[in-house]
Structures are given as structure tokens and as C-alpha cells.
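K.L.:
Below are the chains, spelled out letter by letter.
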Amino acid sequence: MAISIDEAVPGPATDDAPAERRRGGRGRMVVEVLLLTALAVAMLFPVLWMLETSIKENRDVYAVPAKFFGFDITLDHYKDVFVARGGGQSDLSGSFLNSVVVAGASTVLATVLGVPAAWAYSRFTLKAKKDQLFFILSTRFMPPVVVVIPIFLMYRELGLIDSKLGLVLIYAAFNVPFTIWMMKGFVDEVPAEYEDAAMLDGYTRLQAFWRVTLPLLVPGIAATAVFALIFSWNEFVFAIFLTSSQEVRTAPPAIAGLIGGTTVDWGLVAASAVVFALPVLVFAYLVRKHLVAGVTLGAVRR
Amino acid sequence: MTTTTDHPVQEASAASPPAPGRSPRLTDRRLALVFISPAMLLLLTMSVFPLLWALYLSFTDYSATRDAPADFVGFENYTTILTSPEVWQRALTTLVYVTGAVALQTVLGFGIAYLISRRTRGRGVLTTLFLVPMMLSPVVVGLFWKFMLDAQFGVINSMLGSLGFGQVEWLTRQRTALFSLIVVDTWQWTPFIMLIALAGLTAVPKYLYEAASIDRASEWFRFRHITLPMVWPLLLIAVMFRAIEAFRLFDLVYILTSGGPGVSTETLSFHVYKVAFLGFNTGLASAYGILMVLVVIVLAQLYLRYLNKLKEG
Numbered sequence: 001m002a003i004s005i006d007e008a009v010p011g012p013a014t015d016d017a018p019a020e021r022r023r024g025g026r027g028r029m030v031v032e033v034l035l036l037t038a039l040a041v042a043m044l045f046p047v048l049w050m051l052e053t054s055i056k057e058n059r060d061v062y063a064v065p066a067k068f069f070g071f072d073i074t075l076d077h078y079k080d081v082f083v084a085r086g087g088g089q090s091d092l093s094g095s096f097l098n099s100v101v102v103a104g105a106s107t108v109l110a111t112v113l114g115v116p117a118a119w120a121y122s123r124f125t126l127k128a129k130k131d132q133l134f135f136i137l138s139t140r141f142m143p144p145v146v147v148v149i150p151i152f153l154m155y156r157e158l159g160l161i162d163s164k165l166g167l168v169l170i171y172a173a174f175n176v177p178f179t180i181w182m183m184k185g186f187v188d189e190v191p192a193e194y195e196d197a198a199m200l201d202g203y204t205r206l207q208a209f210w211r212v213t214l215p216l217l218v219p220g221i222a223a224t225a226v227f228a229l230i231f232s233w234n235e236f237v238f239a240i241f242l243t244s245s246q247e248v249r250t251a252p253p254a255i256a257g258l259i260g261g262t263t264v265d266w267g268l269v270a271a272s273a274v275v276f277a278l279p280v281l282v283f284a285y286l287v288r289k290h291l292v293a294g295v296t297l298g299a300v301r302r
Numbered sequence: 001m002t003t004t005t006d007h008p009v010q011e012a013s014a015a016s017p018p019a020p021g022r023s024p025r026l027t028d029r030r031l032a033l034v035f036i037s038p039a040m041l042l043l044l045t046m047s048v049f050p051l052l053w054a055l056y057l058s059f060t061d062y063s064a065t066r067d068a069p070a071d072f073v074g075f076e077n078y079t080t081i082l083t084s085p086e087v088w089q090r091a092l093t094t095l096v097y098v099t100g101a102v103a104l105q106t107v108l109g110f111g112i113a114y115l116i117s118r119r120t121r122g123r124g125v126l127t128t129l130f131l132v133p134m135m136l137s138p139v140v141v142g143l144f145w146k147f148m149l150d151a152q153f154g155v156i157n158s159m160l161g162s163l164g165f166g167q168v169e170w171l172t173r174q175r176t177a178l179f180s181l182i183v184v185d186t187w188q189w190t191p192f193i194m195l196i197a198l199a200g201l202t203a204v205p206k207y208l209y210e211a212a213s214i215d216r217a218s219e220w221f222r223f224r225h226i227t228l229p230m231v232w233p234l235l236l237i238a239v240m241f242r243a244i245e246a247f248r249l250f251d252l253v254y255i256l257t258s259g260g261p262g263v264s265t266e267t268l269s270f271h272v273y274k275v276a277f278l279g280f281n282t283g284l285a286s287a288y289g290i291l292m293v294l295v296v297i298v299l300a301q302l303y304l305r306y307l308n309k310l311k312e313g
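Chains B and H, in that order, are what the protein sequence lines are. So in my numbering, spot 121 of the first sequence is number 121, and the numbers just go up one at a time. So in my numbering, spot 178 of the second sequence is number 178, and the numbers just go up one at a time.
Check before you lean on any hint, since a few could be wrong.
[As the list claims (entries may be wrong)] Pairs of lysine-lysine, BS3-like flavour, derived with a Cα cap of 25 angstroms:
id : chain 1 : residue 1 : chain 2 : residue 2
1  : H       : K206      : H       : K274
2  : B       : K79       : B       : K67
3  : H       : K311      : B       : K130
4  : H       : K309      : B       : K127
5  : H       : K206      : B       : K130
6  : H       : K309      : B       : K129
7  : B       : K289      : H       : K311
8  : B       : K127      : H       : K311
9  : H       : K206      : B       : K129
10 : B       : K289      : H       : K274
[Claimed, not checked] Short derived list, chain B residues pointing at chain H, Cβ under 10 angstroms:
id : residue
11 : G94
12 : L97
13 : A256
14 : G261
Bear in mind the hints are in silico, worked out from the structure with no lab data behind them. Each residue gets a CB set at the ideal place from its N, CA and C atoms; glycine is no exception.
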């Protein structure tokens, strides 16, 4: 079972403390709550500051000392994210669209390839299965800066440099190990007996997979796909080395490109970062039950 | 749809010993092959083949910008790298960065998880809030911290200023740049350790605490002898995972400092990039990359071995 973050930790230890220790416990509890609040503020402050900057007038963005309250609210930066200065579509919005296409297509590809493989690894006894699975996961640990060197040369030969297809393929390749590991956990949770029973009813193995197991896997597939989507959406290294033109460039390098010049429009950077991060946070919230498995590439689950 | 013709076949094979070539085992094997090979093929073409190519290039003096064919140079690239004081300097930077960041994250992450696990109410909300940094793209995180750490109008200096401290050039001073990098990485990845530590804390059976409180064991004793041993295996997984990720890190360095000032924040990943894409010394960069891959493989093997032991145990 994957551990949900909503699931409660078994009752706090202080509940079981003998009565005489309770009074000291009260003071301690206050300290703990204060500490936790301070940490939460420290963790969330940068996010709040980003939100705040994205709705500030430019003169307030650069104000010294920084203005925490009492600034004029404007949505101009958000308008700049989507609409070019002279009217029409901005370059950034095109990059966002590219990101949607690339992340979506690579996720579909990784899911279509990964789910059947995960099922096969879960159900059948195969030669050196454990080694195969470990090999699959270790491909995901390769440093992207290193992989990108030969990939760059390979793509140059194949004419895949600066193409969406090239990005889709490399993203799919790095999401397949994740999909297989994550989905294997979900398939393991569906009893193989269901398929055996279906096969006794005259289904072939394939039909049993298609009609019995697959429908039961849909929630798992959805969660896995969401993680793959987030990984591809956030990816930066391959995107910056393998693409260059505006028509292909995805959002992460486009946003990073905003700080290239001599003057940086931090309001615009903040607004585009918010627009970029918002879907990720929504999606992550949807799959919060599977976060532990998701962020460890499906390796940790109980 | 199940076709009616399937029934007799299936029943026949179930009733009588399977005829050669029609046995369910063999079809299973074929099915497994059909299901696994497309995924494997993608991994082989996109991960294994490029690495083999890099391995080949690492023995040549190939440059991606010259048209000249690659000349075989033997182990020259490897000896150049392993005897270069520059590379050892980068390795040291990487080591400081990895240990610093991972240690900070572990302490903070476990601390937060422990504090959260002791709360009865609001745990779900708290956990969700704490997890936000982890889900953001390194690009967003890097840009944002760059803005916040800006020497002139950054909010960090502004806050320090109102406390009476002077301006600190966080990202442009030798001393503070690597430290800033560690802080940013810690900010982003503390939630990761926290999440996994929390999962470990959730799994500690309540009866252990009950037994301990019957024995009137002290709080510290309970923490030291129940909580820590139960959570440690899972925590170690998280730590190793983070160490591998920190070793591979590129994007944060690229955005925050570009390796500067000087070379004070140039990690191995960043140095490979400079050799490969700024110096176009492809052969040398490949050898460099292969050496890094070896390090990652050793780390990943340790991680996977340990994971496997944990699962079986």
C-alpha cells in the first residue's frame, strides 16, 4: 500500500504520557507549534514572495527596502505572459503551448510502453527479472548533462535537433523506467487470481489483462501519468541543449531566458513562474496519496 | 469480446496435457516479450546506445565542431582528467555541495516530520503546505532565489538590512556562493526527506510506545530506541536518493551562479557542460561523462541493493 500523506501517524506519543508529565508537555507543545509555524513560514515565504512580486507594479518590485504590504496590485505582468507588447500572442505563451504538447505526448508514449511492461514484469517469471528491473531504474539515474552529449550527436545525425519529436522521445525514455516501477507496484496489488479466474472462463491471457486487470489499474495509471507529466513539464537540461528555436522551445528554457539580458523584468519572471508552477501544484495535489512512491520513482512503497 | 471458439481450446488445454508449442507457458513468454520489448527498445536506443557511443568517443579526440574524423587516443582523455588539479577541485566542490545539502536536508526534513507526526490536528494541511517547494521546477526555484538573493533589491538583504546587517553579495562572492547554493537546494528538497521520514514515522507501531510508557521510559529513550531505529532504514533510502540527485544537479547551478564567481560553485556536472558545450572538446567530455556515470552506477547499485534488502527484510 502506498502511504497517503493524509493518513494519520498513530496517535501522538504525548497522549500516553503519565499525568504528571502533562503539564510540562503543555509548554513543550507550545514550543513545538511555534517551531513548526516558523519552519512553515520559512518554507512558504519564497512562494508567497513570488506570488506577491507577480502582482506588483514595477516600481514596487524594485523597492528598497522591500514592500511586504501596501503596494498597488496590477495584473499587467500576467497579461505580458500571454500577450505580446505590440498585441498578438507572446513568445512565452507559444512556449507554454509547446510544453503542453511535449509533456503530453511523452507521457502518453511512456504510459503506453510502460504499463504493459509493468504488467509482464509483475505477472510472469522471467530470466533475471530483478536484474532487468534494476537495470531499468538505473538508466533513470544517469546525469542528464552526460547523457545529453551523445544524444546531441545522435540527434544531429538523425535531424532531431530542435524538434519536438526529439524532446518527446528523450522524455519518454526517462519516464519509462519510472512508469514501469510505479505501475509494477499497482499491478502487484491486483491479485493474479482474478486473471486466472477469467482464463478459466475462457479468456486468453491477453483478454484477461485487457478486460479484468486493466480496468482495475486505471486509478494507478492516472496517478503514474500525472507524475510523468510533472517530470516532463519541469524538465530543463534536455530542453535547453536540444532545442533552440522559438517554435520548439518549451517553457522552462523560455522562462530562464528572461534573465539573459542586462535588465531583468522580475515581475514578468514571477508571473510566468506562477503560471508555469500552478498546474504542477494542482496535479501534485490530485496525486498526493501516491507522493511517496511518485517522488522515489516508485521504489519506496509499503 | 470473447469469441466462442476460445472456449473449447482453453478447456482442452486445461483438461489434457498441453501439446508442444501450444502450452500456456510458451504463449505467456511470448506475450511477456511482446509487452516488454518496446519499452526495452526505447531504453536501449535512448539510454544505452548513447552511453556506448560516449564510451567510444571517450577514447578519441573527437570534437563536435570540427569536421575531422575522430582519432583514437587510447586512455589519454582519462589520464588527462584524473591527473588534472582542476577536476579534483570540482570534485571537492561537488563533495562539499552534496554533503552539505544532504546533511542539512536530512536534519531539517526529519525534524519537521517528527514535529508534524506529534500533532493531532491539521497534519494533512501542514504536510501539503510543506511539500510545495519540492514540486516546483528547478528553473522556477533557481530564478526565484536569484531574485530574492539579489544584492541590491533582493528581499533577503532587505530583511537583513532592517535588522541592522549590511548587504551581502550572496551569489557573487566566493565565500557565500556555494553556501547559497546549498541553502536553495535545501529549501527545495527538505520536503522530500520530510515526506519519506513521515512515511517511516507513520509505520512505527503504536504498541511499542505504549509498552515504553508502561515502563516509564523517558521521551529521549523512546526516540532513541524506538523511533530512530524504526525510521532509519527508510530515511537512509531517502538520503541516498538525494545524494545521487545532488551529484547529478545541473539546472540550479546553471541558473543561480553559472559556476561563478570564478569557479567556486562549479560542480562536476557543470564542468562537464563547459568542456562539452563551450570548449567543444567532445572526446574529453565523454571520458569525463563516463567517469561520472561510473560514480552514479556505484551509488545507484548501493541504493538498489539496500532497497532490495529492505523490501525482503
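K.L.:
Taking the hints in turn, state whether each one holds.
P.N.:
Right, here's what the structure says about each hint:
Proximity of H/K206 to H/K274 is assessed by CA-CA distance (about 53 angstroms); at most 25 angstroms being required, the pair is judged violated. Proposed proximity of B/K79 and B/K67 is supported: the alpha carbons are some 22 angstroms apart, at most 25 angstroms. Under the criterion of a C-alpha separation no larger than 25 angstroms, the hint pairing H/K311 with B/K130 is consistent with the structure, at around 12 angstroms. For the hint linking H/K309 to B/K127, the alpha-carbon distance of about 20 angstroms falls within 25 angstroms, and the restraint holds.
Restraint check for H/K206 and B/K130: not satisfied, since their Cα atoms lie roughly 34 angstroms apart, outside the 25 angstroms limit. The hinted pair formed by H/K309 and B/K129 meets the criterion: a straight-line CA distance of about 16 angstroms does not exceed 25 angstroms. Distance hint between B/K289 and H/K311 is fulfilled; the C-alpha atoms sit about 20 angstroms from each other, no more than 25 angstroms. Of the pairs offered as hints, the one joining B/K127 and H/K311 holds, with about 20 angstroms between alpha carbons and a cut-off of 25 angstroms not exceeded.
Under the criterion of a C-alpha separation no larger than 25 angstroms, the hint pairing H/K206 with B/K129 is inconsistent with the structure, at around 37 angstroms. With a C-alpha separation of about 41 angstroms, the suggested pairing of B/K289 with H/K274 is violated against the 25 angstroms cut-off. Given the 10 angstroms rule on beta carbons, the hint for B/G94 is violated: about 17 angstroms separates it from the nearest Cβ of chain H. Checking B/L97 against chain H: minimum C-beta separation of about 17 angstroms lies over 10 angstroms; hint violated.
About 5 angstroms separates the beta-carbon of B/A256 from the nearest beta-carbon of chain H, less than 10 angstroms, and the hint is met. The interface hint given for B/G261 is broken, as the beta carbon of that residue sits about 14 angstroms from the closest beta carbon of chain H, more than 10 angstroms.
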